[in-house]
Each structure stands twice: as structure tokens, then as C-alpha cells.
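Novice: What follows is each chain in one-letter form.
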Amino acid sequence: ETGVTQTPRHLVMGMTNKKSLKCEQHLGHNAMYWYKQSAKKPLELMFVYNFKEQTENNSVPSRFSPECPNSSHLFLHLHTLQPEDSALYLCASSQAVLANTEAFFGQGTRLTVV
Amino acid sequence: GQQVMQIPQYQHVQEGEDFTTYCNSSTTLSNIQWYKQRPGGHPVFLIQLVKSGEVKKQKRLTFQFGEAKKNSSLHITATQTTDVGTYFCAGIDNYGQNFVFGPGTRLSVLP
Numbered sequence: 001e002t003g004v005t006q007t008p009r010h011l012v013m014g015m016t017n018k019k020s021l022k023c024e025q026h027l028g029h030n031a032m033y034w035y036k037q038s039a040k041k042p043l044e045l046m047f048v049y050n051f052k053e054q055t056e057n058n059s060v061p062s063r064f065s066p067e068c069p070n071s072s073h074l075f076l077h078l079h080t081l082q083p084e085d086s087a088l089y090l091c092a093s094s095q096a097v098l099a100n101t102e103a104f105f106g107q108g109t110r111l112t113v114v
Numbered sequence: 115g116q117q118v119m120q121i122p123q124y125q126h127v128q129e130g131e132d133f134t135t136y137c138n139s140s141t142t143l144s145n146i147q148w149y150k151q152r153p154g155g156h157p158v159f160l161i162q163l164v165k166s167g168e169v170k171k172q173k174r175l176t177f178q179f180g181e182a183k184k185n186s187s188l189h190i191t192a193t194q195t196t197d198v199g200t201y202f203c204a205g206i207d208n209y210g211q212n213f214v215f216g217p218g219t220r221l222s223v224l225p
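Which chain is which? The protein sequence lines are L and V, in order. Mapping of the first sequence onto the working numbering: residues 1 to 114, in sequence order. Mapping of the second sequence onto the working numbering: residues 115 to 225, in sequence order.
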């Protein structure tokens with residue numbers, strides 16, 4: 001148990017569906033991240049929130065929409081995804097951006113788009 | 115932008131053999147971190163190196179940060195089956211705000 005919980009663990013969705021991924025951290029951290037992990041590709045940083053403010057959006061398509069209502073919760077809203085969006089989506093948290101502290105990862109949501 | 119590379123991509127060793135993975139950055143790094151991801155699992159933090167030439171040990175694992183702070187290595191002595199997984203380095207340079215992950219080295223240990 002890392003203190004970062006992601007739900008659901010597995011998700012299968014059609015290209016016309018709308019779904020949301022949820023991440024919750026109990027570590028008192030102020031920075032939260034969404035990463036995409038595909039086969040044969042490095043971990044791709046998607047979004048960064050620091051003290052609830054989005055500080056980075058790495059050219060992610062608009063069909064991915066993040067939401068950070070407070071420092072403990074992070075959502076990734078999904079709509080009209082493509083099959084190539086199938087991947088493991090990892091949430092992570094750290095003390096704060098630029099704090100150069102370790103990142104704690106959740107167990108991920110394995111997403112399959114059909 | 116900053117790029118982080120790792121070699122080898124895959125490594126198969128016999129149990130008891132040593133293993134080394136190398137991490138290289140296109141820019142001088144401020145810090146470097148190492149993570150391990152077991153098959154089916156999530157990345158777990160192992161260590162952070164900050165100083166030029168720094169060497170840190172964790173039991174059979176030895177981590178090194180290069181003098182120029184552009185490369186790093188992870189060496190495992192006498193591998194065990196529990197060492198199986200993918201080892202990622204993640205570096206941050208003086209201009210970046212977030213760590214950039216390398217592609218990882220996948221280690222297989224044959225019993």
C-alpha cells in the first residue's frame with residue numbers, strides 16, 4: 001500500500017463512452033500527477049497539479065480532461081477515446097513540484113478502449 | 115527538451131550473476147532518481163542521488179551518479195529472482211520542473 005489509491009483498477013470502454021479515473025492520496029502531498037504507460041514507450045507525463053493548480057499539460061489531447069478539486073483527489077475524465085489510448089494510467093503524488101522528493105505511485109488503471 | 119536514455123532495454127541473467135543498467139541524460143541533471151516496477155505492478159521509488167560522483171548502496175544494489183551529473187548506473191550484485199522487474203531512472207535538470215523518466219531496463223532472472 002503506497003498511500004495512493006486509484007479506481008477502477010481495470011476499465012474497458014467503447015470509443016463513444018465517457019468515463020472517469022479517480023486517484024486519492026493520503027500522504028499530505030501537494031503535487032499530483034497523471035502518467036500514461038504504454039508498451040514499448042517510456043512513462044509519459046500527462047498532467048501536473050501543484051497545490052490544486054495545473055502547472056503542466058504535456059500536449060495531451062482534449063479527450064483527456066483532468067480535474068483536481070483538492071490536494072488529495074485527482075480525476076481524469078475520458079471521452080471519445082481511441083484504441084491507441086489503451087494503456088496503464090498511473091497517478092502519482094509528491095510533496096510538491098520542485099521539492100525534488102520521491103513520487104509515490106498508485107497501482108494504476110488498466111484501460112482498454114474497444 | 116531534456117531526454118533520458120537507458121541501456122540495455124532488456125537483460126536476461128542467470129540467478130547469481132551481476133546486472134548493471136545505465137542511464138544517460140542529454141542535459142546536466144540536478145537530481146536523479148531510480149524506481150523499480152515489478153511485472154503487473156507500479157513504479158516504486160528506490161533512491162535519489164544529488165551530488166556529483168555520489169555512490170549509494172542498498173544491500174546488493176549500488177547506485178552511482180556520474181561526475182558530470184549526466185549519467186548514472188544501478189548495479190545489482192548476485193541477482194535473485196526477486197530482482198525481476200523494470201528499472202527506471204528519472205532525472206531533472208536545472209530548467210525542468212518535473213522528473214523525466216527513461217524508458218527502463220527490463221531484467222529477467224533465470225533460476
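None of these hints come from the bench; they were simulated from the model. Backbone N, C-alpha and C fix where the C-beta goes; we use that ideal spot for every residue, glycine too. Some hints here could point you the wrong way.
What the hints assert, rightly or not - Simulated restraints on C-beta separations:
(1) V:Thr134 - L:Gln95: 26 to 32 Å
(2) L:Glu56 - V:Gln123: 26 to 32 Å
(3) V:Thr134 - L:Ser62: 40 to 46 Å
(4) V:Arg174 - L:His73: 37 to 43 Å
(5) V:Gly155 - L:Glu56: 42 to 48 Å
(6) L:Ser38 - V:Pro122: 15 to 21 Å
(7) L:His73 - V:Val158: 31 to 37 Å
(8) V:Val158 - L:Glu56: 30 to 36 Å
(9) L:Gln95 - V:Lys173: 21 to 27 Å
(10) L:Lys41 - V:His189: 39 to 45 Å
Stated by the list, open to error - Derived pair list, reagent style DSS-like, types lysine-lysine, alpha-carbon separation capped at 25 Å:
(11) L:Lys36 - L:Lys22
(12) L:Lys41 - V:Lys171
(13) L:Lys41 - L:Lys52
(14) V:Lys173 - L:Lys40
(15) L:Lys52 - L:Lys40
(16) V:Lys184 - L:Lys22
(17) L:Lys19 - L:Lys52
(18) L:Lys52 - L:Lys22
(19) L:Lys52 - L:Lys18
(20) L:Lys36 - V:Lys173
(21) L:Lys40 - V:Lys165
(22) L:Lys41 - V:Lys184
(23) V:Lys150 - V:Lys165
(24) V:Lys165 - V:Lys184
Said to hold, decoys possible - Chain V is faced by these chain L residues, among others (derived, beta-carbon under 8 Å):
(25) Thr7
(26) Met46
(27) Val48
(28) Glu56
(29) Pro69
(30) Gln107
(31) Gly108
Novice: For every hint, state whether the structure bears it out.
Specialist: Here is what the structure says about each hint:
{"no.": "1", "hint": "V:Thr134 - L:Gln95: 26 to 32 Å", "result": "31 Å, holds"}
{"no.": "2", "hint": "L:Glu56 - V:Gln123: 26 to 32 Å", "result": "27 Å, holds"}
{"no.": "3", "hint": "V:Thr134 - L:Ser62: 40 to 46 Å", "result": "42 Å, holds"}
{"no.": "4", "hint": "V:Arg174 - L:His73: 37 to 43 Å", "result": "38 Å, holds"}
{"no.": "5", "hint": "V:Gly155 - L:Glu56: 42 to 48 Å", "result": "25 Å, violated"}
{"no.": "6", "hint": "L:Ser38 - V:Pro122: 15 to 21 Å", "result": "20 Å, holds"}
{"no.": "7", "hint": "L:His73 - V:Val158: 31 to 37 Å", "result": "22 Å, violated"}
{"no.": "8", "hint": "V:Val158 - L:Glu56: 30 to 36 Å", "result": "23 Å, violated"}
{"no.": "9", "hint": "L:Gln95 - V:Lys173: 21 to 27 Å", "result": "26 Å, holds"}
{"no.": "10", "hint": "L:Lys41 - V:His189: 39 to 45 Å", "result": "26 Å, violated"}
{"no.": "11", "hint": "L:Lys36 - L:Lys22", "result": "14 Å, holds"}
{"no.": "12", "hint": "L:Lys41 - V:Lys171", "result": "29 Å, violated"}
{"no.": "13", "hint": "L:Lys41 - L:Lys52", "result": "28 Å, violated"}
{"no.": "14", "hint": "V:Lys173 - L:Lys40", "result": "30 Å, violated"}
{"no.": "15", "hint": "L:Lys52 - L:Lys40", "result": "31 Å, violated"}
{"no.": "16", "hint": "V:Lys184 - L:Lys22", "result": "36 Å, violated"}
{"no.": "17", "hint": "L:Lys19 - L:Lys52", "result": "22 Å, holds"}
{"no.": "18", "hint": "L:Lys52 - L:Lys22", "result": "15 Å, holds"}
{"no.": "19", "hint": "L:Lys52 - L:Lys18", "result": "23 Å, holds"}
{"no.": "20", "hint": "L:Lys36 - V:Lys173", "result": "31 Å, violated"}
{"no.": "21", "hint": "L:Lys40 - V:Lys165", "result": "31 Å, violated"}
{"no.": "22", "hint": "L:Lys41 - V:Lys184", "result": "22 Å, holds"}
{"no.": "23", "hint": "V:Lys150 - V:Lys165", "result": "21 Å, holds"}
{"no.": "24", "hint": "V:Lys165 - V:Lys184", "result": "11 Å, holds"}
{"no.": "25", "hint": "Thr7", "result": "14 Å, violated"}
{"no.": "26", "hint": "Met46", "result": "11 Å, violated"}
{"no.": "27", "hint": "Val48", "result": "6 Å, holds"}
{"no.": "28", "hint": "Glu56", "result": "6 Å, holds"}
{"no.": "29", "hint": "Pro69", "result": "22 Å, violated"}
{"no.": "30", "hint": "Gln107", "result": "5 Å, holds"}
{"no.": "31", "hint": "Gly108", "result": "5 Å, holds"}
Hint compliance for this structure: hints 5, 7, 8, 10, 12, 13, 14, 15, 16, 20, 21, 25, 26, 29 are broken, all remaining hints hold.
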